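**Student:** Starting from the known structure of chain P, fit chains R and C onto it as the hints suggest.
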Amino acid sequence: MAMFLQLLFTGMGIGAVYALVSLGFVLLICAANIVNFAQGDFAMLGAYLLVLGLNVFSLPYPVAIVLTILLMAIFGVLFAGATYWPLRFRGALPVIISTIGAQIFLENIVLYLYGPVPQVLPGVFNSPGFTVGGVFMDSQYLTILATASLLVLLQYLVFEKTLLGKKIQATNQDKEMASLLGIPVVFMILLTFAYSAALGAVAGVLVGPILFVSVGMGGSIALKAFAANIIGGYGSIPGAIVGGLLLGVAETFGAAYISVPYKDAFAFLIVLAFLAVRPQGLFGEKVAEKA
Amino acid sequence: MKLLDIENLTARYNASDVLKGISFSVEEGEIVALLGANGAGKSTTLRAISGLVPHVSGGLRLGDTSLLGLHTEAIVRLGVSHVPEGRRVFPGLTVEENIILGASNRKGLQKAVLMREVDEKFELFPDLVRLRHTLGWKLSGGQLQMVAVARGLMAKPRLLLLDEPSLGLAPIVVQQVFDIVTEIRRQGTTVLLVEQNANIALSIADRGYVLETGKLLVQGTPAELWGNSQIREAYLGGASAA
Amino acid sequence: MSVDYAAARRWRGVLPTLGALVLVVVVAFLAPAEGYYLNIFMQAATYAIAVSGLVVVLGYCGQISLAQAAFFGLGAYGVAIGTTHLGLGFFPALVLSAAFAMVLGLLLGVASLQLGGHYLAMVTIAFQEILTLVLTNWIGLTNGPDGVRNIPRPAFLGISLANGHRFLALCLVTLVLVTFAVWRLKTTRLGRAMQAVRDNELAASTAGVNSFGIKVISFGISALIGGIGGGLFASGFQYISPDQFTFSESIVLLTMALLGGSQSPFGSLIGTSLLIILPEWLRFLKQIYLAVYGASVILLMVFLPEGLWGISLQRARRRARPIEGEVAPLPLLAATNNGDSSEVLLKTEGLSKHFGGLKALDLVDLEVRRGSVHALIGPNGSGKTTLINVVTGLYRPTSGKVTFLGNDVTHAAPHRRNHVGLARTFQNIRLFRGMSVLENVMVGAERRHNDVAMHPQAVVERALAALDFVGLRGDAHRQVADLSYGYQRYVEVARALAASPDVLLLDEPGAGLNLTEKHELGELLRRLKGHGLTILIIDHDMRLVEQVADYITVLNFGRRIADGLPREVLTHPDVVAAYLGEARHEAA
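Protein chains in written order, with our numbering: chain P, 1024 to 1314; chain R, -1 to 240; chain C, 52 to 639.
Only chain P is shown next, with the shape it has when bound in the complex:
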């Protein structure tokens, strides 16, 4: 039982990271209808910026984190300007390819600057954690779960309880109509990019101390986030969160009880199973083309 709970705890922790990246992913799908293959690299860049702040500029941890997130939000706007804006009228595929180009670009720039050796990030708290009922509560995993919950709550409040949130939703649902009401659509989209990149940065900063910070960390996280998205329902915000958590837990249990080397395969097998049986995902609605 303790083993089960321990795995559940760890799985939820990893799943929360997937959920955060997946959330950023979904927001861009909703706001701009783009599938951003460089989403994982937002996490990677965030982690490297934190390494830079801590190790090179010796900033205090909280300052470094806040700066990282702010810089990544600005980066999100630049990213939109380079990959999305020039191609926004050209359909889905060109934007996908251009985000793939961005992925190659970003990963190799960082590789050039930092080299292939993974960087070590210290945890947010010095204490390793504590044990409750035979389950070891790692402090970093607790931090991840707490931060993710807080962010999800915050986002819910902004989306559902503020005028800004309603304007973002209106923009997502019908851009032309939103502009006819005088909602600044471009600003809303750029805001979403900034927030999406910041969410990625938070994920990277949180997962960095667990995984080592490496150039390749973004790619595998992005694939899981995309998978989480399909499981939860393409373009569904609650789906992204639940899908991410589910994927993290499934992966952890699969590795523990079935096979470690095939750990990553479980994610994709689950996705294939979903696509075969319930392609609209957990929270999605059936989509049909109109004649």
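You may find that some hints are simply not true.
[As the list claims (entries may be wrong)] The calculated lysine-lysine pairs, modelled on DSS-like cross-linking and capped at a C-alpha distance of 27 Å, are:
| no. | chain 1 | residue 1 | chain 2 | residue 2 |
| --- | --- | --- | --- | --- |
| 1 | C | Lys410 | R | Lys136 |
| 2 | R | Lys154 | P | Lys1184 |
| 3 | P | Lys1198 | R | Lys136 |
| 4 | R | Lys105 | P | Lys1184 |
| 5 | R | Lys105 | P | Lys1198 |
| 6 | R | Lys0 | R | Lys18 |
| 7 | R | Lys109 | P | Lys1198 |
Keep in mind that the hints were calculated from the coordinates and are not lab data.
It should be emphasised that the depicted structure is a prediction, and the values quoted were computed from it without experimental measurement.
**Tutor:** Coordinates of chains R and C only, in the frame set by chain P:
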């Protein structure tokens, strides 16, 4: 005084002209109807006024301001509110939220004032009161049309553009919607109306224009247009014109 | 003089291909025999083969595949394991592994039954990732991350290809043959069907293309070609490991296809060569060259949307010549209006279609009789187009029955309905925008069960005859996207006529036409009517409807409110009310 003045307006879409130089004007306080068959360019005219058509040339003025080349959001801020074809009520937002967002073009509006105006809209459309917190996608066609008009009015427009408000509505609901349009005009808003339903459009309009394939065919008062055999033919064919 | 268009094209490209074969053999023997540059050549040749597969699935059929490296890897591992473990010869191993890749490709294509766009992309990613994991972890079979060494090179007709020159020659010869095959595929019936699916899946299905089947075949062909490339790659380099066939390699292959222009195998050749040589050119940039490469991908997407080959193609299109010569007129023109006009060809009974709470169609009965022109009218939003969509199978009815030529087709797929003789046009024109006028109409003529469908020459003639009929023969080689709105409508009509349908459905053919064009349309309809074609037409133009209609059915709010002869229907008070609104007095 001319509120909207359009002179030799052309619009291109996919390498062909959809508006081929049309000229007309709307006086302050008028209801003007644009009539014509599908594909004649009625909706395109409204879309050109709102800045939704990319390649537009000619003269397009609201009062003293040229709208040509302005972004949609800027045009809306100048007081042009467009209730487009198909209503376009946000499906994932409630009726109240949809109506609130109608005021997005007005800067520095106080929350109390905003909510008072929202309540006024519910007084104008009492049928919507019980649907206040219902999501857009659950509404029927007539309800959607009322939400769309209420939302359009929240912009406090000088000029209200209505695109096919009668589309797909039962006659009794069409009556209701057009009664409200009359009421809106009585309160001082100028209305430019696109309709297929010529009879009902001309019953409330001061003047009408008939478009055919991007050009103006005829114009006149409702009585003049009714007297014009061309119009009757275009709408019901020769058999009933006799 | 008759048109010998197809005959002339039968041998098209054969001579240049033979020339290219000789040329590449010469090149292979002039290339450096060993080491780095030979490897570059070998890599370019085998990758270019795999990228040609992407041209089929992505360029022709418009489906995103992010798993081409997986098929490449399947071919490579098949040859590696077949030759080193199982003692097979190279060629049997190549055939088996390419076939295996094709089977998996077909299975992947089956996923497209329910899924499109991003979902399908996800399936291909999942397939790619799982294959990489299997290659890495099934150590007993694949030797795991260490890879497979000492893969032999074969002998061909007694000539050993162990030497680098000779094996490179084999790779290049294969490349030329694959390129030729893929290039020719584009102008075959299958190739046109693929492009039709890519450009407009709905229109393709109502023009008789089984879009699901076509997608499955595209994935199969693409995987087969990828497998062949991979098999040659394994023998060429004699060593393979799982990291050569990962997701990122799939991305590289995709980029090659897009850079060159995914619509043509020549584009893919250019793209592949460039992206293999580019890192060599950028070598002076040292480690940062991959970053520059990533940035170039973005710039290419922004500034070269059709790829390098796409640009050269745009120039070539302008120079196409018209096709001279007489063609047999449309068969329907031989007929006169003498069919049994009491026979009901198309019938709906109690047909309903609800969208959520909206009753777009409510218990509609309709009978279209042989040789009649039947008009369906009603205000906007009254359910006319929905009715046509249900009749052609694009929508499933909520309840009710559709009978065509005596068969219950209520549950038949759109392309099946087309096969038995139902053709339509669309209110918002749905042409295959990436294809020429002639090709658009040929897709229509290639309807299964059409008399000409199996004869390329006859298909061309039928298409030209249909274009003749609508007066667009001179524009046969133009891209449809370049035509004016009115002409695009005529192309749609020609596409439907070329299928020799029993019933033609026209959804607002007059919308957006000016007076002259409407007049021409009226003429066209009267000619069709004169030859006894059965037509169901939606239009708002009452002059047009009165001129051509034998029967009129009026819909309002999804219900049939009137049905019968034009004069009776048009004076029916309900119809007058539905069109003009209730009479209303100012005094109110």
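**Student:** All the hints need checking, so say for each whether the structure fits it.
**Tutor:** Taking the hints in turn, this is what the structure says about them:
A hinted pair counts as satisfied when its Cα atoms are at most 27 Å apart, and C/Lys410 with R/Lys136 qualifies at roughly 14 Å. Between R/Lys154 and P/Lys1184, the direct Cα distance comes to roughly 24 Å. Compliance with the 27 Å bound is thereby established for this hinted pair. A threshold of 27 Å between alpha carbons decides the hint, and for P/Lys1198 with R/Lys136 the separation of about 20 Å falls inside it, so the pair holds. Proposed proximity of R/Lys105 and P/Lys1184 is supported: the alpha carbons are some 20 Å apart, at most 27 Å.
Taking the CA atoms of R/Lys105 and P/Lys1198, the gap is near 20 Å; set against the 27 Å cutoff, the hint holds. Between the alpha carbons of R/Lys0 and R/Lys18 the distance comes to roughly 22 Å, so the proposed pair stays at or under 27 Å and holds. Of the pairs offered as hints, the one joining R/Lys109 and P/Lys1198 holds, with about 24 Å between alpha carbons and a cut-off of 27 Å not exceeded.
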